[in-house]
Amino acid sequence: AGGGGSAGGGAAGGGGGVQGLSNVGSLVVLGDSISDGGGQPPYYYNLLKSDLTAKYGVIDYKNNAQSGSKTSALKGQVNGLPASLPGPVVVAITSGGNDMKAQLPAILTGTDGPARAAMGANVSEALGLLLAPGRFGAGVEVHVYEANIYDSSDGQGNFGQNNCAFGNGLPAIATDAFFASWNGEIASQVGAKGQVLMDIHAQFWMHGFNHPPNWYASDCTHPNSTGHDRLRRYFYQQITGETLP
Numbered sequence: 001a002g003g004g005g006s007a008g009g010g011a012a013g014g015g016g017g018v019q020g021l022s023n024v025g026s027l028v029v030l031g032d033s034i035s036d037g038g039g040q041p042p043y044y045y046n047l048l049k050s051d052l053t054a055k056y057g058v059i060d061y062k063n064n065a066q067s068g069s070k071t072s073a074l075k076g077q078v079n080g081l082p083a084s085l086p087g088p089v090v091v092a093i094t095s096g097g098n099d100m101k102a103q104l105p106a107i108l109t110g111t112d113g114p115a116r117a118a119m120g121a122n123v124s125e126a127l128g129l130l131l132a133p134g135r136f137g138a139g140v141e142v143h144v145y146e147a148n149i150y151d152s153s154d155g156q157g158n159f160g161q162n163n164c165a166f167g168n169g170l171p172a173i174a175t176d177a178f179f180a181s182w183n184g185e186i187a188s189q190v191g192a193k194g195q196v197l198m199d200i201h202a203q204f205w206m207h208g209f210n211h212p213p214n215w216y217a218s219d220c221t222h223p224n225s226t227g228h229d230r231l232r233r234y235f236y237q238q239i240t241g242e243t244l245p
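Position 77 (the sequence shown) corresponds to 77 in my numbering; numbering is contiguous.
Hints listed in this document are in silico derivations from the structure and should not be mistaken for laboratory results. Note that the Cβ used here is the ideal one computed from N, Cα and C, for glycine as well. Don't take every hint at face value.
Cβ pair distances, simulated, as ranges [said to hold, decoys possible]:
#1 Pro-114 <-> Met-206: 28 to 38 Å
#2 Leu-108 <-> Pro-213: 39 to 49 Å
#3 Gly-184 <-> Leu-244: 28 to 38 Å
#4 Thr-243 <-> Asp-219: 25 to 35 Å
#5 Gly-137 <-> Asn-163: 40 to 50 Å
#6 Asn-79 <-> Gly-37: 14 to 24 Å
#7 Leu-170 <-> Thr-243: 30 to 40 Å
Straight-line Cα separation of at most 27 Å, BS3-like style, residue types lysine-lysine; simulated pairs [stated by the list, open to error]:
#8 Lys-70 <-> Lys-101
#9 Lys-193 <-> Lys-75
#10 Lys-55 <-> Lys-70
Sequences are here, hints too, so could you generate the full structure?
See the structure below:
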């Protein structure tokens, strides 16, 4: 059994000195297009599956991520998973970016508080379902690794001036405070459930379109092949406690 101990426990989060899992039986991938064909292959989740198989042996794999989905879809994605999976079960989640994009007008007017709270409630509900005792079988441990929202502008907010798939017509406006509040909500919910926050905002910082060569595809939304490789390495390090060569 792995780092968390009892069912529902998470591995240690944070930076160096991560205590990895001694065994993994299944990899589950949930969320949005970052985990469902977004950007440029090879995709992080396919690479991660191969990496984990090389380390732990044959594992079960389920990917219920849906391109374009918001956190409101996570409940359905979780409920669509089988009742039984070999443990420990590792769950990788990328979700929240589409919630934030849908609220751009509210964010700019400072009226996005209710939407942030709704996102947090969605995240909390999905985590609760995943971590319910016996969700994947009696005594099966579940460890969730949930990503926050990255900023392809690296705080500059000049999406509309860079042919991005969103933000057209909007002026460049500093974005750090916006991402801090939305990511703070995700961090709060993940932390409350004792799971691992994947801080991809920090991982991708200063690797956006304002700082070439960048880790994003031309839509400013998805990782390019370099970005997917970085995601794969970050998830692997947090799950295993080891660094890929």
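We went through each hint and held it up to the structure:
no.	hint	in the structure
1	Pro-114 <-> Met-206: 28 to 38 Å	32 Å, holds
2	Leu-108 <-> Pro-213: 39 to 49 Å	30 Å, violated
3	Gly-184 <-> Leu-244: 28 to 38 Å	30 Å, holds
4	Thr-243 <-> Asp-219: 25 to 35 Å	30 Å, holds
5	Gly-137 <-> Asn-163: 40 to 50 Å	48 Å, holds
6	Asn-79 <-> Gly-37: 14 to 24 Å	22 Å, holds
7	Leu-170 <-> Thr-243: 30 to 40 Å	39 Å, holds
8	Lys-70 <-> Lys-101	10 Å, holds
9	Lys-193 <-> Lys-75	16 Å, holds
10	Lys-55 <-> Lys-70	32 Å, violated
Hint violations for this structure: numbers 2, 10, all remaining hints satisfied.
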